[in-house]
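So you can see what is in the structure, the chains are spelled out below.
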Amino acid sequence: MLIALLNDNLTLLLAIAAGVLCVLGLQGLSHPKTARRGNLCAMAGMALAIALAFVHPSMEAYGWVLLGLAAGAVVGVPLARKTPLTSLPQLVAVFHSLVGLAAALVALGMYLQKQAFGLMEAKLALEMGLGAAIGLITLTGSILAALKLQGTIGGRPWGWWGRHYLNLGLGVGIVACTAWFTLTFSPVAFGLIFILSLILGWTLVAPIGGADMPVVVSMLNSYSGWAAAATGFAVESPLLIMVGALVGVSGAILSYVMCHAMQRSFISVILGGFGNAEAAVGEASTTPSKAAALAGTEDVAYLLNEAEQVIIVPGYGMAVAQAQHAVKALTQQLLAKGIEVRFAIHPVAGRMPGHMNVLLAEADIPYDLVEELEDVNPRFAEADVVLILGANDVVNPAAQTDKSSPIYGMPVLEAWHAKRVFVVKRSHRPGYAGIDNPLFTLPNAALVLGDAKEIVEKIGTALKAA
Amino acid sequence: MEIDIFTWLVVVLILSGIIGYFVVWGVTPALHTPLMAVTNAISGIVVVAAMAVAGPSILSIDVCAMLPCPYPQYVVPMQWAARVIGVVAVALCAVNIFGGFAITARMLAMYKPKEEKKA
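First to last, the sequence lines map onto chains A and B. Numbering of the first sequence is given in my numbering, commencing with residue 96 and proceeding in unit increments. Numbering of the second sequence is given in my numbering, commencing with residue 57 and proceeding in unit increments.
It cannot be assumed that every hint is accurate.
[Said to hold, decoys possible] Examples of chain A residues lying across from chain B (beta carbon under 7 Å, computed):
id : residue
1  : Q122
2  : L124
3  : A148
4  : A168
5  : V187
6  : F190
7  : L200
8  : F212
9  : G213
10 : V338
11 : A340
12 : I348
13 : Y462
Everything labelled a hint here was simulated from the structure, so no lab data went into it. All C-beta atoms, glycine included, are put in the ideal place defined by N, C-alpha and C.
Take the sequences, apply the hints, and build the full model.
Printed below as a string of structure tokens:
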């Protein structure tokens, strides 16, 4: 092996220190106050890791490596600075794909290096095969997820009967090729691992869409971590394994949180299509539910003016309409009148974990006004007005009352306990799940139809006049 | 008793997983998006492996006198190919690292408490 020389023990200890800094980075995210310091910790950890790789005894091609790092910085920083925050889920997905590709390239590069000198070993081949497979599944899966989030490809899940068999077949094929590669180091086997993994990444994500996207994004987050850990085994680096495991566990926990919030098993999300896609798309759009009361923006403004406590429930509709700044303006108006305003956020609102929180933060809404499901639910009974902005399934009372409902048992925001509920929606259409929402026809509820941003602005104008 | 390095690495994997489990459950849901962004940045740690692939000097064909090179005529091109692939991998990881930390910092800068607004 090329690794040895210098002071191995010291290098190892420093590498672990770099890993610990990354752990502290995540630890910092336990509160917004410490979060920025956490990010700096993680950056320091990464800087230390890169520095250690630079002083590694086998490192010779400094120029080349610096070129690579510089190229990455030149692309990465403007991408992160300029991308509008509404495209954040896509950007995160694209970043996942890069790690996946890098892990696969490392496996390929190592293979060429070892094979040039006839130094391949079975254990190494197994680890490389694994790293490449996870990396490439992450690559195509993330690209497809990004395209779906961007809207280039319809977010609608693609369901066809044979997909489970296809995925199973691809999975078995990858395992078989990895075994073949481990035994023979055959380039054909290695190539087949690449091809099959690329296809599997695509077919795994293809049947999943819409409201299930947060799960997919967090799952790919997890995969990118496991790809790094597998690479760590191949290069025998405890640091890579440490950080990879950290990322892998983090993504897995986020997936779990999302699934739990939707009251669905991880398996059913991965297998795709919320409550069979066929039913959801077909009839639902045509039949409006029982007549729901309609309200105008003046009505809303009038009641807001009279209210003492207001809760706003943002959903994906707010993100689509980019209404967060209008919401902020309205919030300020209400606060100026001495009205208490809270935001209630459901864990799966939006297209990625914490999506609504970021949008509200972007609009400069203080995080102390923003509350999670468990904390805010008891408060709905005291609220005079609840304003629901483009959220639907997460406020559906059927989740608690209707045993036959597909979302029965899902934790929801109990908006219906409030004195008045206004639901800002683009149309009569039910939400993603295609389930009727009995909330809309309750006597204390009314729909305000239109684009969330326009409606909120109009409410603001009406409120000024009131 | 000699313990295989693989075993040590498995130990590292398990313990890191446990640490990660507790640390991540401690992250407030409001910061789940920054969490994803920062884990994204640190998953760029693959750069260390990429540098190990891009870094080594290219050995001439003479090395095949000592090592069992299966394809002696390709020994130099294969190393070059590995270096180029390694550099590409370094660049991809760097996009993640720089981009990931930058986007995290950008997001975190937006999270403000009520009090701070007066300042």
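These are the hints, each one checked on the structure:
no.	hint	verdict
1	Q122	5 Å, holds
2	L124	5 Å, holds
3	A148	4 Å, holds
4	A168	4 Å, holds
5	V187	6 Å, holds
6	F190	5 Å, holds
7	L200	4 Å, holds
8	F212	4 Å, holds
9	G213	4 Å, holds
10	V338	4 Å, holds
11	A340	4 Å, holds
12	I348	5 Å, holds
13	Y462	5 Å, holds
The structure is consistent with each of the numbered hints, conforming to all of them.
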